[in-house]
Amino acid sequence: MSEVVFEGVTKRFGDVTAVDQLDLEVLNEEFMVLLGPSGCGKTTALRMIAGLDTATEGTLRIGDRVVNDVEAKDRNVSMVFQSYALYPHMTVAKNIESPLLARKVRVPGETEPRKLTKVERAEQVADAARTLGLSELLGRKPAALSGGQRQRVALGRAIVSQPDVFLMDEPLSNLDAKLRAQTRLELVGLHERVATTFLYVTHDQVEAMTMATRIAIMTDGRLQQVGAPQGVYERPQNLFVARFIGSPPMNTVAGTYVVDAGEPFVQVGDGRFAVAGTAESAPVEGAKVVVGVRPEHLVLTGQGPTSVGVTVRAVEWLGHERHVICDVDGTSVIVRQPSEGAPPAIGGTVRLSAAPGEIHLFDPDTSERIN
Amino acid sequence: MSSPFALERHGETTLKDTLLAAAFLLPSLVIFTTFFFYPLYRLFYLGLHQQNTFGTAERYVGWKQYTEVLGGKEFREGLLTSGRYVLLTVPLGLVLGVTLAVAANRRLRGIKVFQTIFASTIATSVAVASVLFLTLINPQVGYFRDVGFISLTDPATALRGVALSSVWQNLGLTFIIVLAGLQAVPEEIYEAATLDGYGPLRRFFKVTLPMISPTMMFLVVVLVVFALQAFAQVDILTGGGPAGSTQTLVWRIFDNQQPRQIGVGAVMAIGLFAVTIIVTGLQFLILNRRVHYGN
Amino acid sequence: MGTDLNLPTWKKVAWYAVLTVLSVVVLFPLYMTLIRALSTPVSYLQKGQPLYPVDIQWGIFRRAWVEGDLGAKMALSALVTVTIVAAQLITALLAAYAFTFLKFPFRRLGFALFMATMMLPIEVTLIPNVQTMRSWHLLNSYPGLALPFLATAFGAFLIRQGFMGIPPDLRDASQLDGFGHLAFLRRVAIPVTRPVIASFAVISFLGAWNQYTWPRAVVSEGRWETIQIGLKSLSAARPEENNIGLAAAIIAAIPILVLLIVLQRQLIRGLTAGAVKG
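Residue numbers (my numbering), protein chains in the order written: chain A, 1 to 371; chain B, 1 to 295; chain C, 1 to 278.
Derived by calculation from the structure, the hints in this document are not laboratory data.
Predicted model, so just to flag it, every value in this text is computed and none were measured.
It is possible that some hints are incorrect.
Unchecked claim - DSS-like, lysine-lysine: derived pairs with alpha carbons at most 27 angstroms apart: (1) Lys-16(B) / Lys-103(C); (2) Lys-178(A) / Lys-118(A); (3) Lys-94(A) / Lys-141(A); (4) Lys-206(B) / Lys-11(C); (5) Lys-103(C) / Lys-112(B); (6) Lys-118(A) / Lys-141(A); (7) Lys-115(A) / Lys-104(A); (8) Lys-141(A) / Lys-115(A); (9) Lys-118(A) / Lys-94(A); (10) Lys-118(A) / Lys-104(A); (11) Lys-112(B) / Lys-47(C); (12) Lys-104(A) / Lys-112(B); (13) Lys-103(C) / Lys-206(B); (14) Lys-115(A) / Lys-112(B).
Claimed, not checked - Ranges of calculated distance between the beta carbons of each label pair, as one might list FRET restraints: (15) Lys-115(A) / Leu-259(C): 35 to 45 angstroms; (16) Leu-259(C) / Glu-77(B): 45 to 55 angstroms; (17) Thr-117(A) / Ser-141(C): 24 to 34 angstroms; (18) Val-21(C) / Glu-187(B): 44 to 54 angstroms; (19) Phe-28(C) / Asp-196(B): 55 to 65 angstroms; (20) Asp-23(A) / Leu-182(C): 52 to 62 angstroms; (21) Glu-187(B) / Lys-115(A): 46 to 56 angstroms; (22) Asp-55(C) / Glu-58(B): 31 to 41 angstroms; (23) Leu-182(C) / Gln-182(A): 33 to 43 angstroms.
Said to hold, decoys possible - Derived coverage of chain A by chain C (criterion: at least 3 residues anywhere in the stretch with Cβ under 8 angstroms from a Cβ of chain C; other residues may be distant): (24) 49-62; (25) 226-240; (26) 296-310.
Even glycine gets a Cβ: it sits at the ideal position worked out from N, Cα and C.
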């Protein structure tokens, strides 16, 4: 079993707290993505599982073992680095072989892990190379490979030791867009094939959304939300998550909560949106809230009781759709529309509305979700 | 127990690392202590004492030996000679080195041949260069024996003769280093200067020289230190003569190894050490201001 | 200034002329040496010191070799040099590794101490070191020639620069691969910084081979003279027959010249390590 568990894990470097009381459970065989902006602590968390950094406080578990004091090579994990970290002076074959030289590996049919013999190592290397389509390149050195090929060598090195957990630190960031899209699919395929726990770190929410079984969003060393991609997308728990997931990001404007004839609304600018009935923690009448609504959920309407007037500033054409960038009360709001029909006039005023279920309310002080 | 690699990000020292570091540094430290640090202490000690002719007895004379020697004629003249030697070898060496490097820093066919020729003197040791010039400036048979302002036997000009051999010998080193510095200057800077209307002379003084000033400063420091340590060339070319006009500091230290003078020699060695540090420090202070770093 | 090949022809010719003149100036001493080594001294003088050899004796090189015992001296120089280079490589590699990859107390102070030794050249520490050698009965001996130079702060500095250029990711990957310090040094650090190590080796070799002051101080018997000291002895012994001394100097210089032509890339990199950025 290869769950990964962070229990109250904190990491401090001098005065700086990189990871703050992280409680996270990565389930066996899942593809967990640690998502967040630079400096949020995701890489530090990954390195602590790898054994490259030690935890200042808290417990780290892999499977049923507490690994705080276990050396990296004995944790049975593998890591793919952002820069691939291939040994420049070694051939592809030797690079892939390197974890097998000093580490003990579990051999099928034997109870104790042991170091492999030369023949066994060569077999494993050949297998990994075949899986990743590297068999032709085994004699080359990294300098003679393309970026995509180098990345696959890094993957080869990771899979060859058959680890319990795969750790990946932004492995796609050095690839061009097309290759990135392709590799995303390959990684998901690899995950299914090896049926092993993946712990993947990135700042790119597209990667997270497309590959993860669950996403854990972090900022400032703290975990913000954990959940399946669609769940996190549809119900962000705080403003940070709301703004981080989704491209273009969720619109957020200031508003006031009002109740009119028993129905809840939020007043924004010169109009208001209808809001779905909130739960027990309904805000006070007249309370200031932050209103969040995704660009694809805003619709241009005619005059109506539940609409808000905005001024159109610009229109961006993206082929299949267009983004109408508007302004309300000094805040910028983006609306996604299909590219049909005439676009709204720039400088003109239009009215926007949205379905009540798509309006998210956040507390302006705590940033936490209200509804 | 933390990981075997204590990385910068850790900032933790470990016992394992410390023991290993001790083992790795031990060989160097043993050699350094025996042949660098202990001698430094020993020099101070020797300078405080005077030995008898056979080195069998010594008596404490105290710091006055320091003031006597460092203020005395022998050290002063040695310092002057070494100082003159620096002035004779460093500026000329730099100018020639820069000239060679600038001339050879262009794309012409066969330029590599010229570059190899200009660098060739680096293959000569001090001994080889000195032996060559021993004949070249030999008073009886030297090709340059009648040059007048350079000789090996006229007290007024012998130091110049010795200096000439050093200047020639250092050409290769100076050339290689300045050339590397020139080649590190991006092409665009010259193009921009040309577009600004700079002629070749202006380009050289306003663009080239400032851009290679870190390299030049490094060279100056190195050449000055070499010149202060001059010994072999004196030993081979003039043996200290004529009339002591080529007795550099190191030569005099070498000359004062007998037990009776060993205290004097030790003080002069300390003097050389101090002079080297002071001169190098001054160079850093003064020249650093005129050096242009970064782009 | 490394500019174009599209110079007008007259300019090209001018530059070639300048370069040729400079070459003549640089090579003149070597040229004259060759001529006078080949010439018979008396005849050469009688001819009024022309710019070509007079009464050529091709056998002069053989004579110099035999009379100066150059073979033995070069062999001794080679032995001492190889010892010094090998020892310096080992001590510098270990020291550089400690200062780069190991965390221990007072690391910065230790490094400063190391670098401080560069302020203590053999010219300054001569007297006490000679005393040490005398008291250990190592004057006129092979260890006496080599011992003070078995460690090097410059080498430690240079190689440390190289080690610091190793990407941290590579060290992380090695750690995961299970390489301890020695394995990392052997399998990764040294192979990756091979160019820097080679450059240092060339510099170290040159320094050791060309040494004069120390051998001069510790050697008084002819059979323990290194080639550099041998050159002095030979020229001093035959003031009238300067062609022998010159021939010996040529013999001593040629192998180094060849070696440096072959290893010029490493040499240049080693020399410019402190001087040029980028």
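Hint-by-hint comparison with the structure:
no. : hint                                        : in the structure
1   : Lys-16(B) / Lys-103(C)                      : holds (9 angstroms)
2   : Lys-178(A) / Lys-118(A)                     : violated (38 angstroms)
3   : Lys-94(A) / Lys-141(A)                      : holds (9 angstroms)
4   : Lys-206(B) / Lys-11(C)                      : holds (23 angstroms)
5   : Lys-103(C) / Lys-112(B)                     : violated (46 angstroms)
6   : Lys-118(A) / Lys-141(A)                     : holds (21 angstroms)
7   : Lys-115(A) / Lys-104(A)                     : holds (4 angstroms)
8   : Lys-141(A) / Lys-115(A)                     : holds (25 angstroms)
9   : Lys-118(A) / Lys-94(A)                      : holds (12 angstroms)
10  : Lys-118(A) / Lys-104(A)                     : holds (13 angstroms)
11  : Lys-112(B) / Lys-47(C)                      : violated (37 angstroms)
12  : Lys-104(A) / Lys-112(B)                     : violated (54 angstroms)
13  : Lys-103(C) / Lys-206(B)                     : violated (46 angstroms)
14  : Lys-115(A) / Lys-112(B)                     : violated (53 angstroms)
15  : Lys-115(A) / Leu-259(C): 35 to 45 angstroms : holds (43 angstroms)
16  : Leu-259(C) / Glu-77(B): 45 to 55 angstroms  : violated (40 angstroms)
17  : Thr-117(A) / Ser-141(C): 24 to 34 angstroms : violated (50 angstroms)
18  : Val-21(C) / Glu-187(B): 44 to 54 angstroms  : violated (27 angstroms)
19  : Phe-28(C) / Asp-196(B): 55 to 65 angstroms  : violated (40 angstroms)
20  : Asp-23(A) / Leu-182(C): 52 to 62 angstroms  : violated (39 angstroms)
21  : Glu-187(B) / Lys-115(A): 46 to 56 angstroms : holds (54 angstroms)
22  : Asp-55(C) / Glu-58(B): 31 to 41 angstroms   : violated (58 angstroms)
23  : Leu-182(C) / Gln-182(A): 33 to 43 angstroms : holds (41 angstroms)
24  : 49-62                                       : holds (count 3)
25  : 226-240                                     : violated (count 0)
26  : 296-310                                     : violated (count 0)
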